[in-house]
Amino acid sequence: MFGFLGPNGAGKSTTINILLGLQSPTSGTARVLGYDVETHRNEIHQRVGVLPEGVTPFPNLTGIDHIEFVARTRGVAVDPIEQLCYVGLDAEAHDRPAAEYSTGMRQRLWLAMALVGDPELVVLDEPTTGLDPDGIREIRELVTELGDSGTTVFLSSHRLEEVEAMCDQIGILHDGQIETTASVADRSLRTLSVSVEFRVADRSETLRAALTSQPGVRSVEIDGQRVTVTCETAADRVTAVETALDEAKIEDLSTDGASLDALFDRTVHGGES
Amino acid sequence: MNVRPYARRDLVGLWRSRVGLLLLGLFGGCVVGVTGARIAGFPLSNVYGLVLFVGQFLFPAVGLLLGVSSVVDHRESGTLRVLFTLPGRRRDVVLGAFVARCGVLGAGFGLLTAVTTGVATVYGAPVGRPVVLFSLTAALTVSWLAVGTTISVFATTQRRAFFTVILLYLVGVVFWNTLFPVSPDVAVAAMAGRLNLSLPLGVQRGVLLLAPGNAFLVGLQFLGGESYLNLVVSFFGTPVPSGWIAPVVLVAWSVLPLAAAVKQAESLELS
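Protein chains in written order, with our numbering: chain S, 883 to 1155; chain Z, 162 to 432.
If you are wondering where the hints come from, they were derived from the structure by calculation, not from laboratory data.
A portion of the hints provided could be inaccurate.
Said to hold, decoys possible - Chain S stretches covered by chain Z per the calculated footprint, using a threshold of three residues with CB under 8 Å from any CB of chain Z:
#1 903 to 910
#2 925 to 931
#3 960 to 973
#4 1108 to 1122
Said to hold, decoys possible - Under 7 Å between C-beta atoms, here's a sample of chain S residues computed to sit facing chain Z:
#5 V919
#6 T938
#7 G986
Claimed, not checked - What follows is a set of in silico ranges between Cβ atoms, one per label pair, in the way DEER data are often shown:
#8 S:G936 <-> Z:S403: 52 to 62 Å
#9 Z:V394 <-> S:E982: 49 to 59 Å
#10 Z:S432 <-> S:R913: 14 to 24 Å
#11 Z:A421 <-> S:A912: 23 to 33 Å
#12 Z:S403 <-> S:D977: 52 to 62 Å
Please read these numbers as outputs of a predicted model, since none were measured by experiment.
C-beta: ideal position from N, C-alpha, C; glycine also.
Take these sequences, add in the hints, and give me the full structure.
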C-alpha cells in the first residue's frame, strides 16, 4: 500500500489524473503497471479500480445498478449484493437510489465499484473525506484488508495518521516533485522523534528509571508531576505508555509529533519536528 | 466497441428521472391527441398536418435538450471522471448516451406510429402515412439530438451548453427552417446580396435544403398524394427537390456532429 501525500497545490490530483489518463503530461512519460498512460489507456483502465474524491454517484441508479454497470464495462460477472455487503452497505440500501445515500454510504459504494473484477491496482483518492469516526474506521479496515489480500493500493490522503496506519510505503509530493519516498517502517522515519506526555500522581523518579532503560526511548524529562518521554517511533511510544501504566498512576496523557507528521513537516516546510 | 453498458446505464437513469416522465407525457399526449382528434371527427390528414407543423419546432427542441444533458451533467458532477476511468473507449460513453436517448425517442415514436396506424386502419385511411411521417419526425429529432450531444461534449458547464442550445435553436430551427422557406428566392438572394454574392438558384435551394427542418419538409412527398407534393412545392418551388434529400441530410446531421463529439471526447482533458 502506497500512501501519496502532499500539501494543497502540490500536484497530487494532477498526478492522479495523469496516471489515470484523464490529463496529458506537459512533458515526460508515465507508466502504470508497465503501460504507458497515453498510448495504453484502456489496458490500464482494465486493471485499475478508482475511488474518486467528492463525486456524487449516478443519482437515479441504485447501489445494485452501479455494481452491475461497472461489472458490464469490465466484462465480469459479480454478485452485486455480495459486493455491496462486503463494503458494509446494508440490504435496505441496495435498492435505494444513490441520491439518497449519505456521504459514508457513497464512499462505500465507490469502493465497492472500484473493487469489481478484482483489479490489480486500486487508486483511492481521499477515501475518508466527509466520514464520521465510525465510517473512517470501517473504510480503513476495508482498505487494510484489501492491502493484506495482495492488491496494490495507491492511497492519496491529507490525513497523515491514516497513511501511517495503513500504508507500507509513502511518497511526499511538493511543488510537483516527489521529495521523499520511504517505507513507513524504515530508518528515515526513525530519525524523527515522537513524544508522549504524562501527568503522574506519584513515583515519577521510579518511572524515569523504567522508561530510560526502555529501548527506543531517547529522553525522559520530569517537571513536577509532568513527565515527557521522547521516543524514536510510534511503536516505542506505545511501549512507553505500557511501561508507565505498570510503574505509576497516570492521571492524564497526551501525544505529539507522529513520525510521519514530522517527516511531512521536514519535507514540505524544511523543519524538524 | 462496448456501447451497451453505457447505453443501458443512461437508459435506466433517464427512465427514472424527470426527463423520462416528461417524454412519457409528451408522447402519451400525442397518442391521446391523435386518437381523440380522429374520434372527434377530424380527418387524419388534418391531424398529420398539425403534427407536422407543431413537430418541426417542438421535436428539434426535444432532441437538443435531451442531448445537451448527456455529457456535461457528468462533467459538472464529476462522474465523467469515473466513466472515463472504466474500461472502454471514451467514444463508448458518448455513443452510449446517444443510443440511450435514441432508444427513448424510438420507443415514443414507435408507440405514436403504432397507435396512429391502428387508428388509420380502423377508419380506412392509408396506413403507410403515419409510418413515413413519424419516421421522418424521428429522424429530424435524432439529428438535433446528435447536435445537442455534441454541444454537451464540447461545453464545460451546463449553463454554457444551455445558452449554446438556445442560440442554435434560434438560428438552426427558427431562422433557417422558418424564415428562409417563406420566400426562399427572396430571402436567400437578399442574404447573398448583402454579401455582394450572386447565388444561382440551385445554390440558394441547396443552402435551404441543408437545414434539417427543410430536408424534413422535402421528405413529406413520401407521404404520397397531391396535397403533400403541393406542400413541398409551396416551400421550395419547382422542379421539386428529390425526397431522398431528407434521409441524406438528416443522417449527415446525425453522423457528422457525433463524429466531432467522439473526437473531442477522446482528447478531453479533465482537471
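Status of the hints after comparison with the structure:
no.: 1; hint: 903 to 910; verdict: holds (count 4)
no.: 2; hint: 925 to 931; verdict: holds (count 3)
no.: 3; hint: 960 to 973; verdict: violated (count 0)
no.: 4; hint: 1108 to 1122; verdict: violated (count 0)
no.: 5; hint: V919; verdict: 11 Å, violated
no.: 6; hint: T938; verdict: 5 Å, holds
no.: 7; hint: G986; verdict: 18 Å, violated
no.: 8; hint: S:G936 <-> Z:S403: 52 to 62 Å; verdict: 55 Å, holds
no.: 9; hint: Z:V394 <-> S:E982: 49 to 59 Å; verdict: 58 Å, holds
no.: 10; hint: Z:S432 <-> S:R913: 14 to 24 Å; verdict: 21 Å, holds
no.: 11; hint: Z:A421 <-> S:A912: 23 to 33 Å; verdict: 28 Å, holds
no.: 12; hint: Z:S403 <-> S:D977: 52 to 62 Å; verdict: 54 Å, holds
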